[in-house]
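Position chain B relative to chain A; hints supplied.
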Amino acid sequence: MKETSPKESLLEYGSRYLRKVVTGFYSLIQGMDITLKYFINPKTVITQQYPENRDTLEMFDRFRGPLSMPHNQDGENACTACGICEKACPNGTISVLSTKDISGRKVLGKYIYRVSQCTFCGLCVEACPFGALAMSNDFELSVYDRNELTWVLNKPQATSQGEC
Amino acid sequence: MSAAATLYPLQNGIGNMVRNLFPESASLINPVLGVIALVILVSSLAGLLILLERKVSAHFQVRLGPMRVGYHGILQPLADGIKLVFKEFLKPRGADSFIFYLAPMLPLSATFLLMAILPFDHHLQLVDPAGGVLYVLGISGLTVLGILLAGWASNNKFSLLGAMRSGAQMISFEISMALIMLLIVMVSGTASLREIVLSQQGLIFDWWIFKLPFLGILSFFMYLIVSTAELNRTPFDLAEAESELTAGYHTEYSGMGFAMFFFAEFVNMFVSAGLATTFFLGGFHPPLIGIPLIDGLLNAIPGFIWFFGKTFFIVFVYMWFRWTFPRVRIDQLMSLEWKVMLPANLLLLMMGAVFMVLGWAG
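Protein chains in written order, with my numbering: chain A, 15 to 178; chain B, 15 to 376.
Hints are computed from structural coordinates only; laboratory data are not their basis. Since the structure is predicted, the reported quantities are computational estimates derived from the model, not experimental observations. A few of these clues could be false.
[As the list claims (entries may be wrong)] DEER-style ranges, computed between Cβ atoms: (1) A/P65 to B/L35: 42 to 48 angstroms; (2) B/L372 to A/S41: 34 to 40 angstroms; (3) B/Q215 to A/L32: 35 to 41 angstroms; (4) B/R33 to A/L32: 54 to 60 angstroms; (5) B/F228 to A/I54: 28 to 34 angstroms; (6) A/R68 to B/L159: 48 to 54 angstroms.
In this text, a Cβ means the ideal position worked out from N, Cα and C, and glycines have one as well.
Isolated chain B, as found in the complex:
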């Protein structure tokens, strides 16, 4: 355990209060509180992100977006949610019921599991496994599994084809994502997300995006591209490709089944942006520039505000990509991954190792 990690132990006020009040059952109450907080966070984030996507896309496209329900359409996600709850969840004839009902839960559970290890602040993180990066890569496979099972269980050839397309896409891009994460793990010397953030403590130039000369900014842009593809968002949204496939893997899903895929996709966008913040943008650290007066002001703002600010900036960049770029073809997508991204990432990893040896990294 590094010096920084002992300086900020993973405890917070509420947890300590519970430990003082109920010393015996604290190990039972605290996880329950954590799960409740997670459920509240994920559900409110889903609503917020859906509203944000609609408003941001509207303004990019010179229109207004939802304006009727509440002030400037603030209650629109609530209305959408109520509509989806009351819609019938149909199962196609001959479909495999167990897998058909299981499939939409997998991406959503992956979202919850990933949210649990995001370091929101010095003391705001549910768990911090030592192999956090490995955990992230393993859990994001659940999304692919959910998509493949959804396509398989729908008893529909076209859903299966759509699922295989998206499965192929997400698995291919996961390789590049793993390599980029590996670069950061290599230079920071730890695989725990919290310690990756703590390794970027200091000025703004100590964030990995700037600390690694040239490589940091390059790998940050590559992370943006790869995670956009991993999230199935435009310009790589071949998974649903509404003008070509009319939904791909979730063609047969309606009501809450569809909504679960939808929520998972939106909150995964936040998780992915949060990982970008953790790996490259210094997580919960404020962007200190070395002038004491300004740094004091920046330090006064709590860390989770910095985390959410940076994360929502990345989310905005994802939305910006989505409403600007045209969609690519499936062969272009695959050649981008296997012919460009993967060799480039391997090269990046080797250059990172060279930088480490020369002592330029950090």
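The shape of chain A in the complex, shown without the other chains:
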């Protein structure tokens, strides 16, 4: 509560005090109105019964699951193996291993992604100049062996690449 200045009369102080009480109660009632609206509209509930509704589960658009690399129907991706994502990653989650194709051009060999180290910050997706990366919506990531959390994101071509 602000100190009364010596010029302020008792009447002014009293009116300021009363106004404060009234506006304070008005703002409290506004808050209670909002919560009551949520309470009497059960449709606003956003929690989902997860294991039961696995088939109909809807994730939010901005949910950040593990990194993925979209491929078109021909199995091609937009990655040029420039390595910007590798530099953007703060904790060394990504390794871009490039090779050369027949014409001597630098192409992507293996895109290695270690989920166990990833913090899902999304800096790699922001850094990618070609839009080759995206955060997927998966979240069921638990496995028994840590080695299973090292993924190769680009689909193995018909050539030599296989498992990591």
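Here is chain B on its own, set in the frame of chain A:
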């Protein structure tokens, strides 16, 4: 004894049946039956209120709350209780064992003692001391004592600090609560809870909230604020303040020791709402409006249903407060009590006296 009190003597069917069957030992059996009923009521209320708090808070916060155990999580309090029973009750090294084990029992016993004098219906009240309001104020001091002893006996400086904070808070707000109760005692002319309820007999406009012009509704809202602070509930839950103190006075308690504090807090919420019903909302009287047809229907519903309905409405209002308002700081809390509530209550008491003299009250 007033005319209304002689009209409804404090007896009920079960008690009279025992008196007829065993005339000699009835004075022994009836209290035992009463205590058993009280234990059943308090334990079932604790479970119900915990479930209700979780579900209501969930819906206020746009989520569902417990859904797994039983239909929509109905058996969740049972599961919680079983978990708490099987948890180890640890005592810190160097703690004062006797006081450490005694402290959680005090708030719970205060709850039982207060439940004993709540007038649930015309014939449903365990005892009705003539100084019921004084009894309520005295017994609710046991809660403060339990909290202070818990903080002291924990051999932990932070628990002691938390206990002193909550003790200071509860004692300060008890003054305002006493003054509000005193206003009702003054206008109704009796300190027995039963007769306070009987003094509100008649239409809905005979309840003290409406019968006292303007003062009734003002003191009802002040009672809500003060009892929220007295109950250590948000926005005044500085006693446990989970984000600042990680529990305050009951930091060192685990298992059933913690559960006793917890149960006492929840059932005290019901007791406090019941007192609000008794003092302001006409207790077990139905809200008659003066139209004979509707009044007949309302009178057909038994009084304890009205009592529980009104009480649970107040409980809902407490929960509504809790999940809407942000927590206040300790200095704001203290200045609210000592600079706003206490002078306002003294003024209210004086205005009540003026209303009495002018004959406007009742």
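Cross-check of the supplied hints:
| no. | hint | verdict |
| --- | --- | --- |
| 1 | A/P65 to B/L35: 42 to 48 angstroms | violated (56 angstroms) |
| 2 | B/L372 to A/S41: 34 to 40 angstroms | holds (35 angstroms) |
| 3 | B/Q215 to A/L32: 35 to 41 angstroms | holds (36 angstroms) |
| 4 | B/R33 to A/L32: 54 to 60 angstroms | holds (58 angstroms) |
| 5 | B/F228 to A/I54: 28 to 34 angstroms | holds (30 angstroms) |
| 6 | A/R68 to B/L159: 48 to 54 angstroms | holds (53 angstroms) |
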